[in-house]
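Asker: Chains A and B, in that order, give the protein sequences. Sequence positions in the first sequence follow my numbering and run 24 to 297. Sequence positions in the second sequence follow my numbering and run 24 to 297.
Just so you know, the hints here were simulated from the structure itself, not pulled from any lab data. Being a predicted model, the structure only gives us computed values, none of them experimental. Heads up, a few of these hints could be off.
A pair counts as met if it fits within one copy or between any two copies, since identical chains are not told apart.
[As the list claims (entries may be wrong)] Here are the simulated SDA-like pairs of lysine to any residue, each with C-alpha atoms no more than 20 Å apart in a straight line: (1) 234 with 296; (2) 192 with 162; (3) 141 with 97; (4) 33 with 260; (5) 231 with 249; (6) 254 with 122; (7) 141 with 294.
The chain contents come next:
Number of protein chains: 2
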Amino acid sequence: MSNYCFANHKIQPIENAGVPVSDLLVQRGYGIFDFLRVANNKAVFIEDHLDRFFNSASIMRLTIEQSREDIKTIVKELIAKNNMPYSGLRLIIAGGDAPDGYTIEKPHLIIIQAPLAKPSEQLPTNTLKLVSYNYQRQIPEVKTTDYLMAVWLQPWMKENGGNDILYHKDGWVSECPRSNFFMLTQDNVLVTPEINMLKGITRKNIIKVAKQNGIALEERKINISEFVTAKEAFISSSTKRIVPVHQIDDTLIKSDYSDSFAHKIYDLLLALEN
Amino acid sequence: MSNYCFANHKIQPIENAGVPVSDLLVQRGYGIFDFLRVANNKAVFIEDHLDRFFNSASIMRLTIEQSREDIKTIVKELIAKNNMPYSGLRLIIAGGDAPDGYTIEKPHLIIIQAPLAKPSEQLPTNTLKLVSYNYQRQIPEVKTTDYLMAVWLQPWMKENGGNDILYHKDGWVSECPRSNFFMLTQDNVLVTPEINMLKGITRKNIIKVAKQNGIALEERKINISEFVTAKEAFISSSTKRIVPVHQIDDTLIKSDYSDSFAHKIYDLLLALEN
Numbered sequence: 024m025s026n027y028c029f030a031n032h033k034i035q036p037i038e039n040a041g042v043p044v045s046d047l048l049v050q051r052g053y054g055i056f057d058f059l060r061v062a063n064n065k066a067v068f069i070e071d072h073l074d075r076f077f078n079s080a081s082i083m084r085l086t087i088e089q090s091r092e093d094i095k096t097i098v099k100e101l102i103a104k105n106n107m108p109y110s111g112l113r114l115i116i117a118g119g120d121a122p123d124g125y126t127i128e129k130p131h132l133i134i135i136q137a138p139l140a141k142p143s144e145q146l147p148t149n150t151l152k153l154v155s156y157n158y159q160r161q162i163p164e165v166k167t168t169d170y171l172m173a174v175w176l177q178p179w180m181k182e183n184g185g186n187d188i189l190y191h192k193d194g195w196v197s198e199c200p201r202s203n204f205f206m207l208t209q210d211n212v213l214v215t216p217e218i219n220m221l222k223g224i225t226r227k228n229i230i231k232v233a234k235q236n237g238i239a240l241e242e243r244k245i246n247i248s249e250f251v252t253a254k255e256a257f258i259s260s261s262t263k264r265i266v267p268v269h270q271i272d273d274t275l276i277k278s279d280y281s282d283s284f285a286h287k288i289y290d291l292l293l294a295l296e297n
Numbered sequence: 024m025s026n027y028c029f030a031n032h033k034i035q036p037i038e039n040a041g042v043p044v045s046d047l048l049v050q051r052g053y054g055i056f057d058f059l060r061v062a063n064n065k066a067v068f069i070e071d072h073l074d075r076f077f078n079s080a081s082i083m084r085l086t087i088e089q090s091r092e093d094i095k096t097i098v099k100e101l102i103a104k105n106n107m108p109y110s111g112l113r114l115i116i117a118g119g120d121a122p123d124g125y126t127i128e129k130p131h132l133i134i135i136q137a138p139l140a141k142p143s144e145q146l147p148t149n150t151l152k153l154v155s156y157n158y159q160r161q162i163p164e165v166k167t168t169d170y171l172m173a174v175w176l177q178p179w180m181k182e183n184g185g186n187d188i189l190y191h192k193d194g195w196v197s198e199c200p201r202s203n204f205f206m207l208t209q210d211n212v213l214v215t216p217e218i219n220m221l222k223g224i225t226r227k228n229i230i231k232v233a234k235q236n237g238i239a240l241e242e243r244k245i246n247i248s249e250f251v252t253a254k255e256a257f258i259s260s261s262t263k264r265i266v267p268v269h270q271i272d273d274t275l276i277k278s279d280y281s282d283s284f285a286h287k288i289y290d291l292l293l294a295l296e297n
């Protein structure tokens, strides 16, 4: 199967597309991206992702040559050409070639598509153990390409029996490297951090469906000391919607999510997509 | 002038060399590098730089395919082929292609050479104003490609009349984005931070020549509150050796460095190179 991407202003086979070694993305790790799911050859929640993509670029002072409509046209062409009905789309803005190796001059757009398993339409039964780590992402409201710590911690996570990492700073929870965190309190209030993290599109939709369906939800600070009182916990992301959490560090949360807020929210999200 | 680099296991024209869009360096900002100066077609302090390069790779769990001797051979060939007598060499280890976009699989070596002005053999008279910024680099003992904050802060730095940025965390000084920081106390002791920063090769050589020449030098914590008492301040780097500092934020340090510890250290460094 050939795979096309968008780079250097054109759709071309991915094996021909490289980022110049002089690019700020390569030399200084300077870039932003967004990642969205394609289902049935349609880009899911593309407007929300483009909102965030343009916002990330603006904060990082990366000018995007293409208009929003241009990008939507390219995405459509790429999806048609690749015909990978279930896949992921990665939109990247690279810092571009910098004669002094430091100053942003000509940021450029790259779009990559890669196959993804068709997501289940059921809440995953493979629940997660999260291991918490004291770390604050830099410029956390932006989806930068900086996953240095996340990639570096993979062996540590596995040694500790974790399936994912939960970042906190001195006890205050922010996010997982690629997803947002939610917890259900004893009073049946869904809580999720409100600062120092990236605001996911699925997170946004969870807040929306909770409000529409009378589920109490608060964006507020969460301390790791609250885990012992949690009735449920889950993470949210564009690829998997919601994945329940059975354990955080040594604290057992819940093992059977068949009847749960997580389950209810999952079904509401699914309905929103269709 | 054609310019050759080393990439994909061979020396090739730089315009043909790109980092695959699927590489962890592109997608996750996962890579390390080292930068060294070439003078008279010789790589200056290459052993020290290779020590640090292999150490950075080891901490980041990036396996280098080539041996130390292999790399020295490639560097020699590249220098001969490019014939840029005064230049900079950037050795990069990119995380490599990761099928899951996350796990380190096949890190690979890239070497780029770019012309540099022949450095003066005089202590620079263009002294610097540093502007301090509260920030701690992640994994600071490693020379990663993460310069997100440094590049992002350039407009802020210029707005504040700065020539370079000095990072501190809650008042405790660490480093500049691309150089180390030294200060001369009232008691004529040269002080430089000892933790939470990258240990530069020039920094190492300054410590060495200070010891050899009876100049008191301490590696210790430095608080920004000490700037008002500083008799001198300078930064050190491989490209410029030493550049004196006339001001940090609103604190004037010293304007005329013609007779100074900075000057003395500069001359000792120069002698060490020749």
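Asker: All the hints need checking, so say for each whether the structure fits it.
Answerer: Hints, verified against the model:
no.: 1; hint: 234 with 296; result: within (17 Å within a copy, 68 Å between copies)
no.: 2; hint: 192 with 162; result: both (14 Å within a copy, 16 Å between copies)
no.: 3; hint: 141 with 97; result: neither (23 Å within a copy, 46 Å between copies)
no.: 4; hint: 33 with 260; result: neither (29 Å within a copy, 40 Å between copies)
no.: 5; hint: 231 with 249; result: neither (24 Å within a copy, 51 Å between copies)
no.: 6; hint: 254 with 122; result: neither (55 Å within a copy, 36 Å between copies)
no.: 7; hint: 141 with 294; result: within (16 Å within a copy, 65 Å between copies)
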